[in-house]
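Turn these sequences into a full structure, and let the hints steer you where they fit.
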Amino acid sequence: MKEFEFQSATTVDEAVSLLAAKGDQARVLTGGTDLIVQLREGLRSADLVVDVKKIPELMTMSFSPEQGLRLGAAVPCHRIYGDKDVAVAYPGLADAARIIGGWQIQSRASVGGNLCNSSPAADSIPPLVVHDAVCHLAGPGGRRTVKASEFCTAPGKNVLQRGELLVSLEFPPPAEHASSAYMRFIPRNEMDIAVVGAASWVQLTAAGDTIEKASIALAAVAPTPLAATEASSFLAGKPATSETFAKAGELASQVARPISDKRGTSEYRKHLAGVLTQRTLAIAVERARG
Amino acid sequence: MAQAESHPRKYKVIGTRPVRHDGADKVTGRAIYGADLRLNGMVHGKILRSPHAHAVIKSIDTSAAAKLPGVVAVTTSADFPDLQDKIADLGEGAVNLAHLGANVLAHGKALYKGHAVAAVAATSPHVAQEALSLIKVEYEPLPAVTWVLDAMKDDAPLLHDDVYTKSMGKKADKPSNIAAHIHFEKGDVEDAFAGSDLVVEREFKTASVHQGYIEPHVSTALWNQDGHLTIWTSTQGSFTARQQTAELLQVPISQVTVVPCEIGGGFGGKIAVYLEPVAAMLSRKCGRPVKMVMSRDEVFEATGPTPGSSMRVKIGATKDGKLTAGEAWLAYDAGAFPGGVIGPGCMCVFSCYEFPAARVDGYDVLDNKPKTQAYRAPGATQAAFACESVIDELAEKLGIDPIEFRLKNAAKEGTRRVDGPVYPRVGFIETLEAAKASDHWKSPLEGKNRGRGIASGYWFNIGLKSSAAANVNPDGTVSLLEGSTDIGGTRTSVAMQLAETLGITAEAVHPKVVDTDSVGYTDVTGGSRVTFATGLAAYEVGRDILRQMCERAAILWECDAAEVESVDGEFKTKDKRMTFAELAGKLSQTGGPVVGRATVNPEGPTNGFGTHIVDVEVDPDTAKVTVLRYTAIQDAGKAIHPSYVEGQMQGGAVQGIGWALNEEYVFDGEGRMANASYLDYRMPTALDVPHIDTIIVEVPNPAHPYGVRGVGETPIVPPPAAMAVAVYHATGVRMQELPMSPPKLWAAMQK
Chain A
3 MKEFEFQSAT TVDEAVSLLA AKGDQARVLT GGTDLIVQLR EGLRSADLVV DVKKIPELMT
63 MSFSPEQGLR LGAAVPCHRI YGDKDVAVAY PGLADAARII GGWQIQSRAS VGGNLCNSSP
123 AADSIPPLVV HDAVCHLAGP GGRRTVKASE FCTAPGKNVL QRGELLVSLE FPPPAEHASS
183 AYMRFIPRNE MDIAVVGAAS WVQLTAAGDT IEKASIALAA VAPTPLAATE ASSFLAGKPA
243 TSETFAKAGE LASQVARPIS DKRGTSEYRK HLAGVLTQRT LAIAVERARG
Chain B
13 MAQAESHPRK YKVIGTRPVR HDGADKVTGR AIYGADLRLN GMVHGKILRS PHAHAVIKSI
73 DTSAAAKLPG VVAVTTSADF PDLQDKIADL GEGAVNLAHL GANVLAHGKA LYKGHAVAAV
133 AATSPHVAQE ALSLIKVEYE PLPAVTWVLD AMKDDAPLLH DDVYTKSMGK KADKPSNIAA
193 HIHFEKGDVE DAFAGSDLVV EREFKTASVH QGYIEPHVST ALWNQDGHLT IWTSTQGSFT
253 ARQQTAELLQ VPISQVTVVP CEIGGGFGGK IAVYLEPVAA MLSRKCGRPV KMVMSRDEVF
313 EATGPTPGSS MRVKIGATKD GKLTAGEAWL AYDAGAFPGG VIGPGCMCVF SCYEFPAARV
373 DGYDVLDNKP KTQAYRAPGA TQAAFACESV IDELAEKLGI DPIEFRLKNA AKEGTRRVDG
433 PVYPRVGFIE TLEAAKASDH WKSPLEGKNR GRGIASGYWF NIGLKSSAAA NVNPDGTVSL
493 LEGSTDIGGT RTSVAMQLAE TLGITAEAVH PKVVDTDSVG YTDVTGGSRV TFATGLAAYE
553 VGRDILRQMC ERAAILWECD AAEVESVDGE FKTKDKRMTF AELAGKLSQT GGPVVGRATV
613 NPEGPTNGFG THIVDVEVDP DTAKVTVLRY TAIQDAGKAI HPSYVEGQMQ GGAVQGIGWA
673 LNEEYVFDGE GRMANASYLD YRMPTALDVP HIDTIIVEVP NPAHPYGVRG VGETPIVPPP
733 AAMAVAVYHA TGVRMQELPM SPPKLWAAMQ K
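If you're matching them up, the sequences are chains A and B in order.
Residues in the first sequence are numbered consecutively from 3, following our numbering.
Residues in the second sequence are numbered consecutively from 13, following our numbering.
Read the hints as simulated data drawn from the structure, not as lab findings.
Among these hints, one or two may not hold up.
Below, in silico cross-link-like pairs of lysine-lysine (DSBU-like), each with a Cα-Cα straight-line distance of 30 Å or less [stated by the list, open to error]:
id, chain 1, residue 1, chain 2, residue 2
1, B, Lys70, A, Lys4
2, B, Lys198, B, Lys326
3, A, Lys264, B, Lys121
4, B, Lys460, A, Lys272
5, A, Lys272, B, Lys763
6, B, Lys424, B, Lys448
7, B, Lys148, A, Lys24
8, B, Lys424, B, Lys198
9, B, Lys756, A, Lys264
10, A, Lys272, B, Lys217
11, A, Lys249, B, Lys763
12, A, Lys272, A, Lys240
13, B, Lys79, A, Lys24
14, A, Lys4, B, Lys148
15, B, Lys460, A, Lys249
16, B, Lys448, B, Lys420
17, B, Lys756, A, Lys272
18, B, Lys22, B, Lys524
19, B, Lys334, B, Lys217
20, A, Lys249, B, Lys756
21, B, Lys460, B, Lys763
22, B, Lys217, A, Lys264
23, B, Lys165, A, Lys264
24, B, Lys326, B, Lys217
25, B, Lys79, A, Lys4
26, B, Lys297, A, Lys4
27, A, Lys264, B, Lys763
28, A, Lys4, A, Lys264
Footprint (simulated), chain A over chain B, 3 or more residues, beta carbon under 8 Å [as the list claims (entries may be wrong)]:
id, segment
29, 136-150
30, 624-637
31, 666-679
32, 693-705
33, 745-757
Even glycine gets a Cβ: it sits at the ideal position worked out from N, Cα and C.
This is how it looks when you write it as structure tokens:
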């Protein structure tokens, strides 16, 4: 590994000025579970690594049923599924947090870091998309917000500008009769990157038999995490049955445009996008019914 | 345990399960592995590797790297002796030293991605790494080939212009990627096929897979001012590491000492040298100890996987289920240099059955992959996948139970293998009977998308040379020195044989694997030979000690040594007796210490057979295979330490399951490995396999005093075939390609 300078920022402003000074040779460290590996393997280089875990705002997780969730960008995964209220309010997010690496990784890795690493296969991004999360960014020019669904621009690339830092993610309050689920397909039962991932969010009518609103997002089927908007809009007003889920699966499969690589073929991934859409819809509906 | 003998011998130590001698060190983290070694003044070496799968190396400029502060030595193949046309006998057969040397550091051409090109030693691994980036190599990339059938084509990129196909003792007239053609034949094959009621012929392919030992290769070398070279390394054979290194450096063998460190897995992949000669050369240049540790991607890209293969197997049978003829065509890749594992593949393909007539053709094929090396029963697993799949299909088409079908045709004492040898007493039939009687086979498999498979497998148990010595301590214990590095628990299984011979407890023997200066020559730990051959050496050591101890007792008792008997740890005459420990305490009064020693080179290899049963469930939507239940059955001859035997059976089964399901080298369009990490080279984790049940069958090996047959390798042979049969019963698809990964199985299920 090449030598780099290490700084530990304690305020957002300090982090921003450190990052702005070095530009693309500065890297933000939260859990480091991607960054350190990439630096070691020469996939990324850095002259400066800025640890942001000492910035209180980035380590805060606050939730209320009225206000929703504010998730600091450096909060490690275990705190998400370890908080019963958060796990119940955003089950798709908790599903993802539970399967990102093993316990050691989950005690370090953050959803904010997962988002900023911007892998098309990231487990936590589809849940952010279906939960309508908003990213709060701070930069040399001040603060701004970006929808999570618009954050990633290409594999490993995102909307962050020089000196910009992801501070937190904001989730709307949980809706009534609504729930979500995330699943990924991996050939083994652990230690794998998603071949395909899918998150589904549904809101049912009070009777629980009809879908009012839905949102589906996919991982590892395009250069960025992908919102399956056709499938989502199709579901509105449809009965919550396996036939409906199958049709939504077909629609989701159609928007997938995966590549063939060491993790799977394009045809297989398209097929899996449909399978996982169906399966996550079924779970989300089951959960929404309570 | 099934017992074949009607009057089994009674043992006191053999067959028990004492705590392993190396257990405390390992569970407390105190065992010294190669990476734990730290010497005064030690520096760190790193290797620059080719980014191309096939390229001419036009020039290497190391001047900038040498100038980097902290760099103490730089080397390339130019520093090594010219080894053109030198052949060395390394115990397991002749090796072309030019090829061995060119694998260690490329000569003129890079033949696979990851091929070592230059090396640097520096005061820290990070400086060494940085120095590598300052080495300028000018490459002229060439077309690469990574699939064995492509490499065999006339217009394939040629790896070596000095390799000519060797076939039946003849050399071809032009260079070829086909390094060798092997042919075995017995009986009139055409006639036998013509007389068959049913013939099944299928084609198979398998991907390259790696042994996947958890410990990366690591070596430290110190070339001392007196010219003596000491190498601390992780190896399956300290003597072969010594010889290879001495040959490559062209120094006398006595100038090299190899100290084997604790080894974190080998499975055949830690026999050839990689780092040892390079660390030695760097040390010679800088005068300091040089430590080199591979990273995981280097292990995948630059050490030896087992071959990818293309195979065709044709078998005929009569309608009442007797095999008539077999024909196999096997092409295995050798990787970048000749000498893959096609030989044993050809010997093993039909080794489980009595074939009246059979023919095997095998090809050793060069391609742009790392040089293949042994991997647990090298060459047999691929061949068994092909043969056993056809056997199962024949049984199904004939309407005969697969165990009954095997029983009708099972190899037994007197069966002549297609390559010539005639079996002594073997235990294949007994494994089949044990399978038939097992709870697993007798329990019906219920549920949708589920299937059960069964397959058998065979592997040798080679002899080769082993030495051992033991000192009797005054407290009645015995220190055992051996040269077999311990990759599978052999310290304990060898010590137990000495304990049994001496009539003392397993705990009273203290085994130690020592360096090449401290014990007689010992061949590699491989070929399932150590518990058999080094165990035989320990038995001979025990007899040597007992003979000397009887003489000492005779001195004490003032009688003739012939009157002293040793029975069950006691020495006695008609009216006197003394325990082993009592006599050990009196040795100084009878002439001094007793040292036993032995060196053996047993003839007549024996054989191990196994039969595995597996239940799987296949997700009909994703084609993901879940292993529900697994039973491995094997003839161990005599299980010295049954827990270790079970461990070998379980470990082999798990590796075979990985080979069957997800493990494979994936190459990109330019022939470069795309998945050189444990993330994407998918070995099974603890969550991916069930408990592996084991049934040890004991048909004693007539060629060993305790009946031992080697057990380490056979258990990897049946799993892929058994898994494929189980998948067939779950899905209706007969997979003829490994791995049966979800994308491939799903695609097959769509047809």
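We went through each hint and held it up to the structure:
{"no.": "1", "hint": "Lys70/B / Lys4/A", "in the structure": "holds (28 Å)"}
{"no.": "2", "hint": "Lys198/B / Lys326/B", "in the structure": "holds (15 Å)"}
{"no.": "3", "hint": "Lys264/A / Lys121/B", "in the structure": "holds (28 Å)"}
{"no.": "4", "hint": "Lys460/B / Lys272/A", "in the structure": "holds (25 Å)"}
{"no.": "5", "hint": "Lys272/A / Lys763/B", "in the structure": "holds (17 Å)"}
{"no.": "6", "hint": "Lys424/B / Lys448/B", "in the structure": "holds (18 Å)"}
{"no.": "7", "hint": "Lys148/B / Lys24/A", "in the structure": "holds (29 Å)"}
{"no.": "8", "hint": "Lys424/B / Lys198/B", "in the structure": "holds (17 Å)"}
{"no.": "9", "hint": "Lys756/B / Lys264/A", "in the structure": "holds (12 Å)"}
{"no.": "10", "hint": "Lys272/A / Lys217/B", "in the structure": "holds (26 Å)"}
{"no.": "11", "hint": "Lys249/A / Lys763/B", "in the structure": "holds (23 Å)"}
{"no.": "12", "hint": "Lys272/A / Lys240/A", "in the structure": "holds (23 Å)"}
{"no.": "13", "hint": "Lys79/B / Lys24/A", "in the structure": "holds (29 Å)"}
{"no.": "14", "hint": "Lys4/A / Lys148/B", "in the structure": "holds (19 Å)"}
{"no.": "15", "hint": "Lys460/B / Lys249/A", "in the structure": "holds (25 Å)"}
{"no.": "16", "hint": "Lys448/B / Lys420/B", "in the structure": "holds (14 Å)"}
{"no.": "17", "hint": "Lys756/B / Lys272/A", "in the structure": "holds (14 Å)"}
{"no.": "18", "hint": "Lys22/B / Lys524/B", "in the structure": "holds (27 Å)"}
{"no.": "19", "hint": "Lys334/B / Lys217/B", "in the structure": "holds (27 Å)"}
{"no.": "20", "hint": "Lys249/A / Lys756/B", "in the structure": "holds (25 Å)"}
{"no.": "21", "hint": "Lys460/B / Lys763/B", "in the structure": "holds (20 Å)"}
{"no.": "22", "hint": "Lys217/B / Lys264/A", "in the structure": "holds (18 Å)"}
{"no.": "23", "hint": "Lys165/B / Lys264/A", "in the structure": "holds (26 Å)"}
{"no.": "24", "hint": "Lys326/B / Lys217/B", "in the structure": "holds (15 Å)"}
{"no.": "25", "hint": "Lys79/B / Lys4/A", "in the structure": "holds (17 Å)"}
{"no.": "26", "hint": "Lys297/B / Lys4/A", "in the structure": "holds (25 Å)"}
{"no.": "27", "hint": "Lys264/A / Lys763/B", "in the structure": "holds (22 Å)"}
{"no.": "28", "hint": "Lys4/A / Lys264/A", "in the structure": "holds (28 Å)"}
{"no.": "29", "hint": "136-150", "in the structure": "holds (count 3)"}
{"no.": "30", "hint": "624-637", "in the structure": "holds (count 3)"}
{"no.": "31", "hint": "666-679", "in the structure": "holds (count 3)"}
{"no.": "32", "hint": "693-705", "in the structure": "holds (count 5)"}
{"no.": "33", "hint": "745-757", "in the structure": "holds (count 3)"}
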